[in-house]
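One line per chain: the protein sequences are S and A, in this order.
1 is the number of the first residue of the first sequence in full-length UniProt numbering; add one for each residue after it.
1 is the number of the first residue of the second sequence in full-length UniProt numbering; add one for each residue after it.
There could be a bad hint or two in this list.
[To be verified] Here are the simulated DSS-like cross-link-like pairs (lysine-lysine), alpha carbons at most 30 Å apart as the crow flies:
id	chain 1	residue 1	chain 2	residue 2
1	S	K56	A	K37
2	S	K37	A	K56
3	A	K66	S	K37
4	A	K37	S	K66
5	A	K37	A	K56
6	S	K66	S	K56
7	A	K37	A	K66
8	A	K37	S	K37
9	S	K56	S	K37
10	A	K66	S	K66
11	A	K56	A	K66
12	S	K37	S	K66
Quick caveat, the hints were computed from the structure, so don't treat them as lab data.
Keep in mind it's a predicted model, so treat the numbers as computed, not measured.
Protein chains: 2
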Amino acid sequence: MPTTTDTESGHNDGARRGRPGYDQETVLNIAVQVFNKHGYDATSMGTLAENLGISKSAIYHHVPSKGDLLRLALDHALAPLEAVGEDERARAGSAGERLEFFLRGTIRVLVERQQYVTLLLRLRGNTEVERSALERRRAMDRRLSDLVVAAQQEGSLREDIDPRTTTRLLFGTINSLVEWYRPDGPVSAEALEEHAIGMMLDGLHTRGK
Amino acid sequence: MPTTTDTESGHNDGARRGRPGYDQETVLNIAVQVFNKHGYDATSMGTLAENLGISKSAIYHHVPSKGDLLRLALDHALAPLEAVGEDERARAGSAGERLEFFLRGTIRVLVERQQYVTLLLRLRGNTEVERSALERRRAMDRRLSDLVVAAQQEGSLREDIDPRTTTRLLFGTINSLVEWYRPDGPVSAEALEEHAIGMMLDGLHTRGK
Numbered sequence: 001m002p003t004t005t006d007t008e009s010g011h012n013d014g015a016r017r018g019r020p021g022y023d024q025e026t027v028l029n030i031a032v033q034v035f036n037k038h039g040y041d042a043t044s045m046g047t048l049a050e051n052l053g054i055s056k057s058a059i060y061h062h063v064p065s066k067g068d069l070l071r072l073a074l075d076h077a078l079a080p081l082e083a084v085g086e087d088e089r090a091r092a093g094s095a096g097e098r099l100e101f102f103l104r105g106t107i108r109v110l111v112e113r114q115q116y117v118t119l120l121l122r123l124r125g126n127t128e129v130e131r132s133a134l135e136r137r138r139a140m141d142r143r144l145s146d147l148v149v150a151a152q153q154e155g156s157l158r159e160d161i162d163p164r165t166t167t168r169l170l171f172g173t174i175n176s177l178v179e180w181y182r183p184d185g186p187v188s189a190e191a192l193e194e195h196a197i198g199m200m201l202d203g204l205h206t207r208g209k
Numbered sequence: 001m002p003t004t005t006d007t008e009s010g011h012n013d014g015a016r017r018g019r020p021g022y023d024q025e026t027v028l029n030i031a032v033q034v035f036n037k038h039g040y041d042a043t044s045m046g047t048l049a050e051n052l053g054i055s056k057s058a059i060y061h062h063v064p065s066k067g068d069l070l071r072l073a074l075d076h077a078l079a080p081l082e083a084v085g086e087d088e089r090a091r092a093g094s095a096g097e098r099l100e101f102f103l104r105g106t107i108r109v110l111v112e113r114q115q116y117v118t119l120l121l122r123l124r125g126n127t128e129v130e131r132s133a134l135e136r137r138r139a140m141d142r143r144l145s146d147l148v149v150a151a152q153q154e155g156s157l158r159e160d161i162d163p164r165t166t167t168r169l170l171f172g173t174i175n176s177l178v179e180w181y182r183p184d185g186p187v188s189a190e191a192l193e194e195h196a197i198g199m200m201l202d203g204l205h206t207r208g209k
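Whole structure, please, built from the sequences with the hints as guidance.
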């Protein structure tokens, strides 16, 4: 997975170049929170500098532009999401099993990279960096859609809901988790995964009713 | 429901006061699209004027401030959503039936008022108007939560997922519909409602597997 490797070596470079107390990763972590709070469009480099407690030129020391910050932040969400689809378990076994692995893996990335995925999901596509990220999201949609079609064909998923709608209901439900899930709340990441999978695949109705 | 009545009489006043071709409703419809595209924080009255093709002072003729535009727009989502919970069918019958009525009614409002609900769901709570709308959303959360508890107690909903998580999974799934549903696409509003309810309550797995 060259994307992941590139990203990681990029972080190391950033860390080496960074000032004491601020590596690129820290700058990114704070930047993504500010983007999520005020919206990417509404966030100036000045606002970022204020939140980081450093000067604008110190930010430019880490990244050349606001667009580069966004690109790096988005890759923190996209690379692990894409890795789920590349995993052998998303490619071997029955379609039903592969689909469930894909859904569970996606939920795990959402929990682990919640701020970054939130940023990704709120993109409006106003810039080239945003449009390129949205294209990578669409590629993941197609992968899920292929799994849904295969699972319907093998008879493990109901066919009265067309594959396109099924795909959107699944990703919609999973994506909505970032809006309310709190890792420090009463629901563990494992329970969240079980509950979301439980509703999507088996429904909330008591069985046998 | 005094809120609805107030709003509607407000619209009529706006329409009477408005210039030819622009009543308050039209201004709102365009404003909500611009807010959704650029984010509320990032949208200036100047940007709104540009999109409306009128001067800033002509907007002030319709509403005193950007915050008032937001408040009116949010009420277009909140009033009909609250009306679903006030409906007799959300208050009579078995808990399972009341819950399903509530969920279906909410989906219908989302489709009918998609732009306004999108605005509501993207609020960040940075202003008083936003916080007041979020408080009204929380009241709806409590109403759904009460229905979920009652449905679990009567045995129609599974109890292995706690009521709070169930509530959030349900609203998360329903809210996510505004992100992808297109009223002019191949899925009718009725089919969307059936499909979303079908997944949430009965799951996507083939029954009997």
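Status of the hints after comparison with the structure:
1. K56/S x K37/A: 27 Å, holds
2. K37/S x K56/A: OK: K37/S and K56/A at ~27 Å, within 30 Å.
3. K66/A x K37/S: 19 Å, holds
4. K37/A x K66/S: 19 Å, holds
5. K37/A x K56/A: Satisfied, since the Cα-Cα distance of roughly 19 Å is no more than 30 Å.
6. K66/S x K56/S: 11 Å, holds
7. K37/A x K66/A: Answer holds: K37/A to K66/A is near 16 Å, not above 30 Å.
8. K37/A x K37/S: 16 Å, holds
9. K56/S x K37/S: Judged against 30 Å, a Cα distance of about 19 Å means the pair holds.
10. K66/A x K66/S: 27 Å, holds
11. K56/A x K66/A: 11 Å, holds
12. K37/S x K66/S: Satisfied, since the Cα-Cα distance of roughly 16 Å is no more than 30 Å.
Consistency note: the structure conflicts with none of the earlier hints.
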